[in-house]
Amino acid sequence: MSATETIREPSVDVIDLRIALTISGVDVVDEIGVQIRPGEVLGLVGESGSGKTTVGMALLGHVRHGGHVAGGVIRIDGRDLSTLGERELRHLRGGVVSYIPQDPGTSLNPALRISTQLVEILEAHATDGGAKQRMARVREALEEVALPSDDEFLKNYPHQLSGGQQQRVAIAMAFANRPHVIVCDEPTTGLDVTTQARVLETVRDLCQSHHVAALYVSHDLAVVAELADHVAVMYGGRIVESGTRDQLFANPCHPYTRRLLRAVPDIAGKRTVVGIPGHAALPGSRPQGCYFHPRCQFARDDCRAEFPPITDLGEGHRVRCYHVADAVRQAPPEGAGQADRRAVGEDVVLGIRDLNAHYGETQILFDVNIDVHHNECVALVGESGSGKTTTARCVAGLHKQWTGEVSLRGEGLARGARQRSGEERREIQYVFQNPYASLNPRSTIGQTIARRLKLFPPDGGGDIGAKVGECLERVALSASAADRFPDQLSGGERQRVAIARALAAEPALLVCDEVTSALDVSVQAAIIELLGELRNEMGLSLLFITHDHALIRTVADRIAVVTAGHVVEYGPTEQIFTSPSADYTRKLLANTPSIEVALGQATAPSS
Amino acid sequence: MTQPQTVEQALDLVPEAGPEAPPPRLQRFQWLGILREASRLTRTRIGLAMVGVIVLIALFGPLVAPHTPTEFIAAPNHGPTSDAILGADALGRDVFSRFLHGGLTVLWMAAAATVLGVVVGTAVGLIAAYSRNWLDGVLMRLNDVLLAFPQIIFVLLAVSAIGPKLWLIVVTVGITHAPRVARVIRGAAQQIVERDFIKAEEVAGERRSRIIMQGLLPNVTSPLLVELGLRMTFSIGLVAAISFLGFGLQPPTADWGLMINENRLSITVMPWGVLLPVLAIAVLTVGTNLVTDGIARAAIGLERSNE
Amino acid sequence: MTRLILRRLALGVLTLFLISLVVFAAVLALPGDAATAILGKEATPDRVAALRDQLHLNDSVITQYLDWIGGVLTGSFGESTSTQQPVSELLSDRVANTGFLVFVAAIVAVPLSIGMGVWTAMRRDRPVDHVLSNGSLVLAALPEFVIGIGLILLFATSVFHWFPAVSLLAPGEKAWSDPSVVVLPAATLVLAVTPYISRIMRGSMIEVLESEYVTMARLKGLPERTVIWRHAVPNAIVPAIQVTALQLAWMAGGVVVVEFVFSYPGIGSLFIDAVDNRDMPVVQTITILAAAIYVVLNLLADLATIAVTPRLRTEAR
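Residue numbers (this note's numbering), protein chains in the order written: chain A, 1 to 607; chain B, 1 to 307; chain C, 1 to 317.
Keep in mind the hints are simulated off the structure, nothing from the lab.
Treat the hints with care, as some may be off.
Stated by the list, open to error - So these bits of chain A aren't anywhere near chain C, every CB distance computed over 12 Å: (1) GLY95; (2) GLY130; (3) ASP150; (4) ALA176; (5) THR195; (6) ARG353; (7) TYR359; (8) GLN419; (9) ALA479.
As the list claims (entries may be wrong) - In the BS3-like style, the derived pairs of lysine-lysine whose C-alpha atoms are separated by at most 30 Å in a straight line are: (10) B:LYS165 to A:LYS454; (11) A:LYS155 to A:LYS132; (12) B:LYS199 to A:LYS400; (13) A:LYS467 to B:LYS165; (14) A:LYS587 to A:LYS270; (15) A:LYS467 to A:LYS454; (16) A:LYS400 to A:LYS454.
Heads up, the beta-carbon is just placed ideally off N, CA and C, and yes, glycines get one too.
Using the sequences and the accompanying hints, generate a full structural model.
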């Protein structure tokens, strides 16, 4: 940051902002204060329900249906938004402050050509020039985000573009009017890492070259570490810690920030991830006192009484905690835990030979060969659409259109699950990606697991009710959860139930299909911990499907990298991270954001 | 093809409500919960009161009627007298007594046709949604064929072939409901079939009948209840219309639809013979529709708060 | 896109074929001998034999079907068993009247209900919206003959005397020569159809107004006018197209009752007479016409949906 920029007035100045639900009066966010100067990127980090998107939208003078600004001031370029009329607000939006949406797939209008959608934002704020100049500006904006700018491309409808292209169009749109402030709402969620890296670079370059103040809303700490100058961490609708990027990542002081960082896997090193027990404080159900105290190991009486005031640690590093000193002194340093190695058996539990799979007339998989040994975790990594989930579904007998061989302990398996023997079905169990969809909402947890026990009776029989309790306790849920319905459980708890249901059959192989991708990072860490413990206890083999490269370094013994239906790399985890052989793997590893690499604490795995 | 929505969405009031919120609500019998929620809405109560009044008239009317429905008590179209408080009909029979006697048939016929249509339609819809193969294609093609006939024309086609029999009307009204119900239920069930908990049952080799009965059916209760109400409203209208056209109960029996037909030409002289049965049918159908709307609102409200 | 359209066309033809089988089967459903069933037990053997001949009952079922469907496809629907006139002749007088009635009803109902749907969606949860949606809830519940008789009581006999209660026309006279006879029947159809279309339009519009692309359009600072008419309505109209087709097809059945209520000289009242006389050739012809209208309208709705949905328009050329 140059000296002239620090002197500049902030483009964004939010003081004590409170946004509440109109009917109940419950606050969604409160006591929010942030400043962003021109050319600066502020990363706003939080898990789901923390209120980060609400803050982002507020910078555009927009509050979602059912809520309203209940207090505080938002100043953009020194102008208080609450004093602006409808017309001035309209000129602010898209003109002075722009928005880059989370999912361009749903944020671009499917019925309009992209040229229409790009030109109209210029028209709405037109101060000079005619149609010709606008068209020229549109082309310029597209070139800035490295998209083609010819008529052919402009005629496209959103669905004719790839996800990455759609996001670039949204970015071009946001920068079209040369705004002073830009709000990015997790703009790279759902993009593969290579596209993500390019999109992030584009945003960073445009912000720097045009001196734009950017608010970058994200749940992804690694992305924020690579992009942001300053970081604010939100929990339960309040900012609990803020500071420069280095202050926050190298010297986190709030217990929540510290726990959060320990829950994040990092591609730069194999380390254990530790989850945060309990669940997030949502609007309307936040505890008295510090919102984090029910999940905090340092919580004392003062934490339960009053929300802590801001403690200024100097140089702009602010924390809202009574026990900063304790937190820093007592908690183990980040990334210290080394994941322990397990004894992997010799015998092959699952063998996949020359697997070719089709979906209709399209071939999805080409000659896939993978072995999973006893007590081994093999990770299948790849971008969405690479064929990794299809592989898992062929193994489970959910996808039937395949040739080649899938064998269990050397015995070939039939294609469909229903054609397999009960014993074969018992040995291979599947855990699905989305715990919100994988449990029957009309059955209690107990009914769901009991039915599985009836389909696959355990050795020795015994009382089903007691067995259900054992299954639940195995995944660290209390036996009383049996009487509950899925919607009475949190996402993490539901995923535990799904795992308990799979384990009720006492399988040899657990197929985990992106089992943590629908969960917050603190919950993900807890599930990963659980799977590790279960592997040790039960001697399970795991086929672990994921697109999260940082995660596999933590969980997998061996890795198969899949792209476009081919396995391009297959070998022990550390070997792949230290000396990848395929170009594709090297590219993946280089593009995966990493906190440690961003801070200069480690070097990128493949470089 | 998009499914017709019966009711608009309720307010979605929690911005950025994370998925971690567990609302404490038991729902083993979801339909009970929906009905309980619905019964708290004013519109449902008004609807129930309207339906209740008409059902009471239809059930107990014959017991309190001053005359039999077929005896002649005055000159045709005679005005109200102390003996016939609402006058005489086109043939000189007591309008009030015929009104009290004329409601039961339309009620039971409509109810029977509704149950038939909803049961068959639900079964077809669930099987089609679950099968996802040629069977789905065949069932939906047959569905389309039946959908092409306007309901009343299909019923009258059967009546002209076989004759004006009450059982035939019940069966054909039910048959014309079935494809309409099947389409709605199939649409709802298709979204359920796509969910992973059904796949989880498939991988475990669960019996297909059990997947349909335990996995699909309890998860389509909201559209099912709404269809039940909607089809009841339409059944009443259809059955009454058919008897109004003269193809239902035959003279000299008392029946609301038939009464309208018999007295409509003398409507200027003696409006009661038309007005009473028309009002009764109107109150009944509006009542059932209000109840249906209440159920739909309650169902949407519950779904919103659960997900 | 062409493949998609061809597929829809082929499915339409298949559906029409299956429909013709169902309609044809109605004759087979006549109890005992079709001819005696129609004429009654007292008919003379000569009369029965003549009718058997007229209905081709002596041929095999397949020949009967092929003869009949061949006739339908070439526009000769056989002869009425009660008046002995060719069915096509009976229909031709009345098709125009019914067509005019339905046309008037549709031209009023469709823009009215679409407009009302958009308008109420934009005033969601305000008093106007509540009044209109409760009103349409009541209207949607009422059977069409109840609406028709209500209109007669209100505008023709008991309260006002603005329009005729009965749509009398001299034989051969067309409905448009005396438009006042069309007003009440058309109004009945409009009132019966509007609630359904406007409710769907309102629901779809509300959903679209809450979509991310409409939020995005607002965050781009576009004028509200542009947001509604350029971003929201074109997307919201898609579900309404299908429902409009369904409701227009419903009118084919609705006119039967409405024409009976007003004694309107169209196909509907002809149909009632034919059912009364068990005049199967007339009944079958009108039934197959109504079903064909449904198939055609649905096809048109599919084409319209493809036309307004770029995703469908551009894929699989």
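Cross-check of the supplied hints:
1. GLY95: For A:GLY95, whose nearest Cβ neighbour in chain C is about 6 Å away, the distance does not exceed 12 Å, so it is violated.
2. GLY130: Holds, since 18 Å exceeds 12 Å.
3. ASP150: Correct as stated: the minimum Cβ-Cβ distance to chain C is 18 Å, above 12 Å.
4. ALA176: violated, 9 Å
5. THR195: holds, 20 Å
6. ARG353: Since the minimum Cβ distance to chain C is about 36 Å, A:ARG353 lies beyond 12 Å and the statement holds.
7. TYR359: Given a closest Cβ separation of 16 Å, the condition holds.
8. GLN419: At roughly 32 Å from the nearest Cβ of chain C, A:GLN419 sits farther out than 12 Å, so the non-interface label holds.
9. ALA479: At about 42 Å from chain C, A:ALA479 clears the 12 Å cut-off, so the statement holds.
10. B:LYS165 to A:LYS454: Given that 30 Å is the threshold and the Cα spacing comes to 51 Å, the pair is violated.
11. A:LYS155 to A:LYS132: holds, 16 Å
12. B:LYS199 to A:LYS400: holds, 13 Å
13. A:LYS467 to B:LYS165: Violated - the C-alpha atoms of B:LYS165 and A:LYS467 are around 59 Å apart, more than 30 Å.
14. A:LYS587 to A:LYS270: Satisfied, since the Cα-Cα distance of roughly 19 Å is no more than 30 Å.
15. A:LYS467 to A:LYS454: Measuring from Cα to Cα gives roughly 11 Å; hence the hint holds.
16. A:LYS400 to A:LYS454: holds, 26 Å
Hints 1, 4, 10, 13 from the earlier list are contradicted by this structure; the remaining hints agree with it.
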